[in-house]
Amino acid sequence: MQKEKLPIDFPDDLTIQNQIQLIVAKGVKPVESFPTYLMNMYKQLGFKYLFRDVTEILFFLLLATVVLLFTGLQGFDQRELIEGSAYTYIFIFSPIVYFSMAFLFFINLRNKSTFEVEMVCKYNLYQLAAFRMLVFSVVSVLINTVVLSFMFAVHPDLNIINALMISITSLSISATLFLYVFMKSRSQVKRIAVMIGWVGINIMLSIFSGPFYTIVLSHIPFIVHLMIILTCGYFYMKNLKNLIFYRDPEGVL
Amino acid sequence: MLVVKNVTKNFGSFCALKDINLEFSNGVYGLLAPNGAGKTTLIKMLSTLIFPTKGEILYNGSNIIEMDEQYRDLLGYLPQDFGFYNNYSPTQYLLYIAALKGIDKKKAKDRVEELLKLVALEDVKGKKMKKFSGGMIQRVGIAQAMLNDPKILILDEPTAGLDPKERVRFRNLLTDLARDRIVILSTHIVSDVESIANEIVMIKDQQLLYKDTIQNICQMIEGMVYETYIDYPEAASFRKQYFSLSEKQEGNSLKLRFISKTSPNTAWNSVSPSLEDVFLYIYQDMVTDDVL
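Heads up: the protein sequence lines correspond to chains Y and W, in order.
Quick note on the working numbering: the first sequence kicks off at 1 and runs consecutively.
Quick note on the working numbering: the second sequence kicks off at 1 and runs consecutively.
These are computed hints drawn from the structure, not numbers from a lab.
Even for Gly, the Cβ is constructed at its ideal location relative to N, Cα and C.
Keep in mind that a hint or two might mislead.
To be verified - Taking lysine-lysine and the PhoX-like style, the derived pairs with C-alpha atoms no more than 20 Å apart in a straight line are:
1. Lys-122/Y - Lys-105/W
2. Lys-105/W - Lys-48/Y
3. Lys-128/W - Lys-122/Y
4. Lys-165/W - Lys-43/Y
5. Lys-122/Y - Lys-130/W
6. Lys-184/Y - Lys-241/Y
7. Lys-106/W - Lys-48/Y
8. Lys-112/Y - Lys-130/W
9. Lys-5/W - Lys-112/Y
Claimed, not checked - A few chain Y residues that don't get close to chain W, going by computed Cβ distances all over 10 Å:
10. Asn-18
11. Val-24
12. Val-117
13. Met-119
14. Val-252
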């Protein structure tokens with residue numbers, strides 16, 4: 001039997017290029033940058049749904065701020081301030097606001113009865129978490145700054161720039177550590193241990209190696225603070241970005 | 001098409017499902033097994049809430065875990081324990097879930113209205129859900145699963161808490177929906193799927209037992225199901241000899257529906273087996289009182 005040969009015109013270069021572009025445009029999903037992703041998520045969800053639990057957040061924020069203000073303003077006399085105890089206090093307790101908000105969101109995440117429904121949506125709770133954690137860290141810096149300003153008003157001998165740098169450094173290290181542990185471990189105990197451990201270990205260090213700990217904190221150069229903040233900031237943002245695509249090997253339950 | 005390929009799921013040393021192979025195309029699939037047989041594990045893997053230990057699940061050839069949000073975009077899911085926010089009204093809750101599903105605000109409002117009408121909750125759309133009955137909550141759950149007009153609708157024990165009228169309405173709704181999507185309905189209540197499922201999936205001892213039409217599954221015990229009347233004193237010894245499917249008091253006698261593999265007695269009437277008969281026969285070592 002003789003096969004019939006169908007003549008097919010070979011397309012010209014322009015047609016080939018157009019077709020390739022069409023296939024790529026339809027088949028390849030454009031990669032969104034992290035800021036664009038967050039912006040789109042904000043546009044879609046808005047403040048109302050990103051911070052659905054705003055009342056609880058405000059309550060925790062207020063509580064943490066009041067505790068910080070009360071202890072920060074009442075906790076030191078002039079001598080302690082000169083000896084540097086205030087800087088120890090700032091270093092240890094600066095992450096409190098961040099921890100309280102992270103605790104509220106992350107610790108109860110799986111215990112919520114709505115968890116399963118929210119986790120199978122396009123924007124699941126981990127993606128919301130990335131946005132929220134970013135906002136929480138900024139809010140924490142702002143609240144810490146307000147608390148430090150009040151402390152400065154009451155104790156004018158306080159080196160406000162040094163205090164601010166210590167506060168931001170402390171927050172950068174602790175928040176990065178918390179997010180790292182969250183990404184690496186499913187254990188709630190480990191996550192809570194980071195929070196308690198940060199405060200506990202630093203208090204122990206300040207008690208048992210008091211002068212050394214205080215001197216180190218009070219005399220860290222500005223550039224070192226800056227380097228720590230930038231390095232932690234880089235890893236923090238990297239982990240936040242990873243949180244969007246976070247996939248536990250066993251699943252989310 | 002949704003394909004479950006050689007899927008095994010272990011929780012530590014416990015094997016919940018072993019080497020499962022399934023294929024789903026458009027239609028209603030009833031995932032039927034007693035509690036604890038592994039239905040919810042399979043459902044959660046199909047919903048990407050847990051991942052297989054071995055094997056993979058593919059949708060149109062792509063791994064659903066790799067598809068990530070692309071797959072979740074196609075998915076509607078009602079969990080067994082449907083949680084909600086007490087202080088939300090159905091409208092508020094559905095708008096929230098619609099936002100998480102990435103549905104445009106304007107479209108979401110229209111869709112929520114449409115779904116609330118469909119599940120007959122339009123009169124209470126502004127009322128707080130904490131005042132709702134179990135059936136009403138379940139209807140909100142069904143509505144949220146359908147918000148994104150999903151291509152794959154997975155419902156885990158969806159009729160729990162629904163009254164008979166609501167069950168009928170729900171079955172009709174699913175039949176309508178299944179024309180152009182995959183509907184997987186997990187249940188241990190045979191009547192939920194008997195009238196609507198195109199195919200039944202049965203799991204036993206962590207493995208897939210059957211995936212077939214109701215007709216073919218019932219064929220399995222064709223010629224083995226009988227009904228007869230006996231006097232009460234004989235009941236105990238009869239039950240020891242034959243596997244009793246159902247019993248009903250009629251006058252002074254007991255009407256028994258049972259399975260026998262031996263030659264029939266002249267007093268026995270051979271009857272066509274139902275899905276419930278097969279279910280009871282297969283899971284006779286597992287079934288509990290809540291099955292029927």
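Evaluated hints:
With a C-alpha separation of about 15 Å, the suggested pair Lys-122/Y and Lys-105/W falls inside the 20 Å cut-off, and the hint holds. For the hint linking Lys-105/W to Lys-48/Y, the alpha-carbon distance of about 13 Å falls within 20 Å, and the restraint holds. Only pairs whose Cα atoms come within 20 Å are accepted, and Lys-128/W paired with Lys-122/Y is rejected, the gap being roughly 26 Å. With a CA separation close to 41 Å, the supplied pair Lys-165/W and Lys-43/Y exceeds the 20 Å bound.
A distance of roughly 26 Å separates the Cα atoms of Lys-122/Y and Lys-130/W; the hinted pair therefore is violated under the 20 Å criterion. A C-alpha spacing of about 14 Å is found between Lys-184/Y and Lys-241/Y, which places the hinted pair at or below 20 Å, so the restraint holds. The hinted pair formed by Lys-106/W and Lys-48/Y meets the criterion: a straight-line CA distance of about 16 Å does not exceed 20 Å. Distance hint between Lys-112/Y and Lys-130/W is fulfilled; the C-alpha atoms sit about 16 Å from each other, no more than 20 Å.
Annotation: proposed proximity of Lys-5/W to Lys-112/Y is violated, straight-line Cα distance about 32 Å (limit 20 Å). With a cut of 10 Å on Cβ distances, Asn-18/Y stays outside the contact zone with chain W, its closest approach being about 26 Å. Non-interface status of Val-24/Y relative to chain W is upheld: no Cβ of that chain comes within 10 Å, the nearest being about 17 Å off. Chain W draws Val-117/Y into its interface by the beta-carbon criterion, the shortest separation being 6 Å against a cut-off of 10 Å.
The claim that Met-119/Y lies off the interface is violated: its Cβ sits roughly 6 Å from the closest Cβ of chain W, which falls inside the 10 Å cut-off. In this structure Val-252/Y is not separated from chain W by more than 10 Å, as the shortest Cβ-Cβ distance comes to only about 6 Å.
Taken one by one, the earlier hints fail for this structure at numbers 3, 4, 5, 9, 12, 13, 14, listed in ascending order.
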